[in-house]
Amino acid sequence: MYRMFVVRTIRRRAAMLAMLALLALLASAAAQADTPIHYTRAVAPDARIEIHNVKGDVRVTGWNRNEVQIEGSLGSGAQPLQVSGDAGALDIRVESAGKSGWLGFSSDSDMGPTTLDVHVPHAAALDIHVVSAPVEIDGVDGRSVNVNTVSGRVHLGVSADQVKVDSVSGDVDLAGSARGFEVQTVSGEVQAATLKGNVTAQTVSGDLLLHGAALGRVNLGTVSGRIQLDAAVAPAAAWKIDTMSGDVRIDLPPATSAQVKADTFSGDLHSDFGKPVSGNGPGEHLGTRLGNGNGSIIINSFSGDVHIEHATH
Amino acid sequence: MNLHFEDRQKLRALAQPVEPQHDLWTEIAARIEREVPAPRRHFRWLALAASLACVAVLSGVIGVRLLHSNTAAHIAGQPGTITQLAANAGTTARWRPGDPRLRGAAIELRAAQGELRQALAIAPHSEYLQQLLDRTEHQQMRLRHLDLGAG
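Chain order of the listed sequences is G and B.
Using the working numbering, the letters of the first sequence map in sequence onto residues 1 to 313.
Using the working numbering, the letters of the second sequence map in sequence onto residues 1001 to 1151.
None of these hints come from the bench; they were simulated from the model.
Ideal Cβ positions, reconstructed from N, Cα and C, are used throughout, including at glycine.
Heads up, a few of these hints could be off.
Said to hold, decoys possible - Label pairs and their calculated CB-CB ranges:
| id | chain 1 | residue 1 | chain 2 | residue 2 | range |
| --- | --- | --- | --- | --- | --- |
| 1 | G | Arg249 | B | Ile1122 | 44 to 52 angstroms |
| 2 | G | Pro254 | B | Gln1130 | 43 to 51 angstroms |
| 3 | B | Arg1103 | G | Arg11 | 51 to 59 angstroms |
| 4 | B | Gln1131 | G | Ala44 | 35 to 43 angstroms |
| 5 | G | Gly139 | B | Gln1118 | 23 to 31 angstroms |
| 6 | G | Val277 | B | Ala1121 | 20 to 28 angstroms |
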């Protein structure tokens, strides 16, 4: 009889403990769940907006209101969204609760992804820092857009004065335009469909696939990445294109006015403008004048092939 | 025609496995059989030595982390860090980032620098190759800066 009582008591206590454990687990899961973000504040039409988010998504859209609106969800393990600054300059940060230093690898692994959907005045200047979070910016036409990323891809539907992207392995896609476009990556691919103004693009193995209108100062360089440039030469333009082993293809409109100088050490050289000549070594050289020769195009390749062609459009 | 490709082919040929000239297993098996099992009384000393080694390794790791974070904090507060790091470029050729997110890019940059140096050895007066090498070194410095920031 006594033994049965003891067994029942033990069973009851075990059931209670299991219930408590389940409740604790549920409470912990609730604490870990993403927290919704809703934030709005007034800012100047040309305010500088700085955003830091390690992983998740960053979407920035320009609108016609003089206010910043942040929607989205804060990943588990993140501190509450930090927004500081004033109407002229606003700083928005997502940081790990566990460790200071937003770039820290532990903050990447300890924290869930955070989604930031930010609306800003269309003339705002942007400064965005991410690690793996993809960045999408649309409808912004302010004085500058700067993006720093490690592996997150970057889409820029902007028409800002100056656009600058520093990436390690993330791809970069400029769908808008900029008077000055500056980009560097190690292995990310760079694409631009509607370039104008001045362009500086440097990669190691990433390809540069660039199309645009009249370009003034152009400085392109890759170690092994492919270079494709389809654009017009602006008056008094200066284009410099260097690669070690990447292939280069330049498409020029028929009315181009420029001095063209192209050299390969061991790669092949084909040109619709002028005739390349071979020297003593395996490489080829081209020197020719197109139209009045106003601009300057200099192409150097060590072992990559170079094609200079008539644009077909 | 393409020297760069030929160099790669030669390097690939060097990386082929080499077969031993005789069967090594017989000798290895004989050595294993000769191994005498350690007396039980030595186990305590081994455990003590292992514990001491663990403590030493942990202390080393903590020390390095502290030094690293101090260096990161020091560097974060100083302008011109990239320039200072660039000055040490020669000593950082074998640098390997602590942050795993940067390791692929570091390997790629090192390989690119090696290839550029090979090309420069063939065409030493190519200014553009030197400029490309300078840029890859600048990118490596940027990666180091990111790695220090990652702690």
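Verification of the hints:
Evaluation of the 44 to 52 angstroms hint for arginine 249(G) and isoleucine 1122(B) yields a failure: the beta carbon distance comes to about 24 angstroms. The given range of 43 to 51 angstroms is broken by proline 254(G) and glutamine 1130(B), whose C-beta atoms sit roughly 35 angstroms from each other. For the pair arginine 1103(B) and arginine 11(G), the beta carbons lie near 54 angstroms from each other, so the given range of 51 to 59 angstroms is met. Our hint of 35 to 43 angstroms for glutamine 1131(B) and alanine 44(G) holds, since their Cβ atoms are close to 41 angstroms apart.
For the hinted restraint 23 to 31 angstroms between glycine 139(G) and glutamine 1118(B), the CB-CB distance of approximately 47 angstroms leaves it violated. Between valine 277(G) and alanine 1121(B) the C-beta distance comes to about 26 angstroms, which sits within the given range of 20 to 28 angstroms.
Checked against the numbered hints given earlier, the structure breaks hints 1, 2, 5 and satisfies all the rest.
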